[in-house]
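> Put together the whole structure using the sequences plus the hints.
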Amino acid sequence: MIFEPDEVPDVDHDVPLDLTGDAAVDAWRGVAAEDVDEPGRGLAGMLRSRSRRLLGSLLRPHRRSLALAALLITCNVAAQLAGPLLVREGIDNGIPPLLDGGSGSLRPLLTVVVALVAITLLGAASFNGFLMITGRIGQDVLLDLRRRVFVHFQDLSMSFHEKYTSGRVISRQTSDVEALGEMLKFGIVTLATSTLLIAGIAVVLVVLNAQLAIPILVALPVLWVLTRWFRGQSERAYRATRDAIALVIVHFVESLGGIQAVHAFRREPRNQEIFEHLDDRYRQANVWSQRLAGTYGPGVQLVGRLTTAIVIFYGGWLAIDGKVSVGVLAAFLLYLRRFFEPMQELSQFYNLFQASAAGLEKLSGVLDEDATVASPANPVTLTHASGALRFDAVGFAYRERPVLTDFDLDVPAGETIAIVGATGAGKTTVARLAARFWDPTSGRVMLDGVDLREFDALELHRAIVTVTQENFLFTGSVAENIGLGRPDAPRADVEAAARAIGAHDFISALPDGYDTDVHQKGARLSAGQRQLVAFARAFLADPAALILDEATSSLDIPSERLVQRALRTLLADRTAVIIAHRLTTVEIADRVVVLERGRIVEDGPPRELIDRGGEYAGLHQAWLDSLV
Amino acid sequence: MRERALWRVLPYLRPHKKRLAFIAGSAVVSVGAQLAVPLIAEAAIDGPIRDGNKRGLVPLLALAVALAIVELSLTYRRRLALSRVATSVETKLRDDFYAQLQRLDVGFHDRWQSGQLLSRANSDISLIRRFAAFGAIFLVIVILEVIVIFALLLHLDPRLGLLTIATAVPVVILCRRFERRYHTVVRDIQDQTGDLTTMIEEAARGIRVIKAFGRSDEMFNRYDARCRQLRDTEMERVRVHTRFIWVLGLIPNLTLAAVLLGGAFAVSWGSLSVGGLVAFVSYLLILVFPIEELAWILAMAEEAETAAGRVWEVFDTEPLIADGANAATLARARGEIRFEGVQFVYPGTDKIVLRGVDLAIQPGETLALVGATGSGKTTIATLLTRLYDPAGGRVTLDGHDLRDLTLRSLRAHIGFAFEEATLFSASVRENLLIGFPGASDADIEHALAVAQATFAYDLPWALDTRIGEQGLSLSGGQRQRIGLARAIIGRPRVLVLDDPLSALDVHTEARVEEALRPILADRTSLVVVHRPSTVALADRSALIDGGRIVATGSHHDLLEHEPRYAAILSQAAEELEAPQDQVAS
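Going down the list, the protein sequences come from chains W and Z. Under our numbering, the first residue of the first sequence carries the number 1, and numbering increases by one thereafter. Under our numbering, the first residue of the second sequence carries the number 1, and numbering increases by one thereafter.
These are calculated hints, taken from the structure and not from any lab test. We put the beta carbon where it would ideally sit given N, CA and C, even for glycine. Treat the hints loosely; a few may be bogus.
If you want the footprint, here are the derived chain Z segments under chain W, 3+ residues with CB under 8 Å [to be verified]:
| hint | region |
| --- | --- |
| 1 | 150-161 |
| 2 | 261-268 |
For the chain Z half of the interface with chain W, some residues (derived, Cβ under 10 Å), not all of them [claimed, not checked]:
| hint | residue |
| --- | --- |
| 3 | A5 |
| 4 | L6 |
| 5 | V65 |
| 6 | Y76 |
| 7 | Y98 |
| 8 | D188 |
Rendered as structure tokens:
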């Protein structure tokens, strides 16, 4: 074998890839609580039934189309199988009449040729129909799945999202959905045609000559064993590739998302090193899985070839004894060739099947996840909330650490209350419970005397709006970003909101004013500007209650002054909960609550608290000192 | 003729010449061995079977078995070699792609949606690998098979052979037309998928905002519109592809019918034997399968081609910020910084941010930069680390234009704390040491103490705790303090602090400032400030307005004599009417 270079045989032996990796190399990642909820290996059976249910529910609306597709593909396979038989027929019965000096009837031959053309057209037309129908079903299923998963992620609670992380949310909706898409695109056609061909040919072979089919029956158990081995192995290999690519993606997204920091701190070489290391693990996992396919495919072919050789030998033997005609033997060999091809074909797509099965597994897991902050079956309608908020004996634990116990707080409608306290005192917890990002572990949080859990989540969030310090902007224009507060608002209202909050001037100065795409060149908004946009958004939303969770931290003094002034109008007849470490914002509150380790230690109008000379008075003095 | 983006992958194959030669050679052998099977059957039928010689079957059986074993062990080796080549090419390509993205300037990353980059690095490069590992070799084998079979057919019967070969003409025309149309559709699909990915990403990362406003349905409508658009484009792909498949599948089968008809006459005229016709038809049947398969492989090739085009778009982008040809290494820096007539316009727009900034910071001096929101303070800070380059004028460090210094040596002298500290999903230690891997434990301890970030020692696994998106989530103030510690850890000559204390409460802020003072004393610092408290750290303040530095001086002087300065920093809000007249009515 002159072609063989000496490095080809360096097959690494069946070392299962350990993707948790060696500690020294992976130390940089640090330690975290055990990775959440990727499906465990032992649960395979249960998970499969879960994803089967999902698949069933996705396909159910297409039952009729699927039945039609099955009919069409059966026609197509029948046409494919009829081809060689007709050829044989033409040779055996069409030609002999022509041989006797050419005087015989043309009819038998013409019949065969016409039948061949007709069957070809029938086969092609049915295949055409099959492809169109399955193509459409595939795309509809994908659309349905995309919608369901998106909606479900939107419905799931914030505590779910905090644990699950956005990286996973993204990969569920991209790579896992796409894996199923690939499967629907290529896999279904192969799966259907191959399976039917194998079955069809098996039938034809047995009908042609049962005795000659015996070697094939012997080959089948061998194939079965081979297939079992392949499936078991490649399931593991496949998981390894998925785990590996996930790490590559996470590193890619994160490091490029923080490209400013990467450049400023010259992290490129270290990043590159980490990336290449992760990418190489992915490569190894890929090589492993491809080696399995590379073993299985030729393995099947080998079985096929040996079976063919035996059929030639055994068939020849039988032919010599006159038990089989030469024509049948020839036809047998033609069919045999097509018998093993589809099996090979199936193995090529096996990874695709697994990718989609694994994707489906994870997606069905997500869809089974209950919204811990769920909307009730019969929500109380919320038309004109007055905005009175009440915490009634609320308890809350974050990561098993109690933050609030037996917490009571009453915010009458229209009152503006500020919550101050040191880091970890529970300020943010109160804000998130009030907005129902989280649900309390015990007790109740109420709006207008009704438990928040009784409302429809969307309606509730429109009535109680939170502005946080992370001011995420979505792709689209500045106007659209403000408009998120009230999507049907006319442009004039959007501009009025921006004016009210003092954001109009900087927005007008952007390249395209309100129509500037926030993610496009030249539109890099500073943190302060983004915060102003977020305020304008809240202003436009016009909620019954407003929660400001450290919402003014990035504003400079002039902007803060503008926001301050706007807040006076905005909060005039509205319930508001302000959490801020800058006391400027606190000053406009009617009432200040000082929190310490989850308990209210002071409560009263700001002036009164300052005069009383307690905790708040101290904070106030420190703040005054910082102003000089 | 379109330039073939896929060809540009070829250099990546160069290191694998030997393997590729083996792959090609063994492919030829395999094709030969496969085509030999009908010949062996024919030999058995025309020899031992006709003669009734059972013993004569044995050598043929042995030959068939030997051939099968040789061919398939070759196939096994070939696929192994192929998978190694393909995955190596994929890995190298992705590594290079990532390196290029890291090289590209911040301006590039501002312009490009991250979803588009991810789909190129992941899906597109995988497509190229799949084509290389599976499609390319299949294409070669099919072409090889077709050529050999054509030769055999011509040999068996020249006229029928020519008739068969003539059918290749419509096949080729069809393929070319298909390629053109498919190319457009696939490119649309890939771009639309990228847009969809971006939407998914935003809906995931902005989930808190969406929930806070109860706008899930609004987001869903936007998402759904894109999904439906993608579905429609995908259906167009299905239509184009299906039409191609069914026409392509018709051709060999109709040829078969024509050959049968023509062959029958040839047999009746005596120019072809029945055995010859059988052989002819057998070979033609062998051809049907690869030609049908061609429809899939060509689609795959076209997808890989478009994918390669998308990847090369990024490779072909030149970084705007890079080391110049004669860039010098600055081993030691005194820390003297000058901005001379610096202008800045966001690349590709006419939005002028800086019109002519003149500013000097002496070694060891701490300068506070003060200005209204959007006045360009952060831009000045980023120009100093060369995240962007000025459009006019120059920035110098110790008298060297920054563009004459290597990026690495320049940035090694500068510690940067961003307004929003970017933390990576890695241990606290890794995050701290990001810019200065050589720092000692004592350095870490010192930096954490200064930044009031000793809470890091109390995390579940202390400094080994993973933080960032995939780890423990920290509060805004905690993130900022880690970011600050990171900036000072390597004791750089120059510190750039972009509003580094905005998320801290008053008490912590005071403590950080106290600890920071001695550090700032002996290095050059530029501090972007929003608050009077932070100004206290500085020796001098500079006021930026209208794209220029309009005043410099001590905080108290400016506060007294410069109303614009006072307007920004004076907390006595209500008495002092803001000079801006846009105040809400």
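> Hints the structure violates: just list their numbers, smallest first.
Hints 1, 3, 4, 8 not satisfied by this model.
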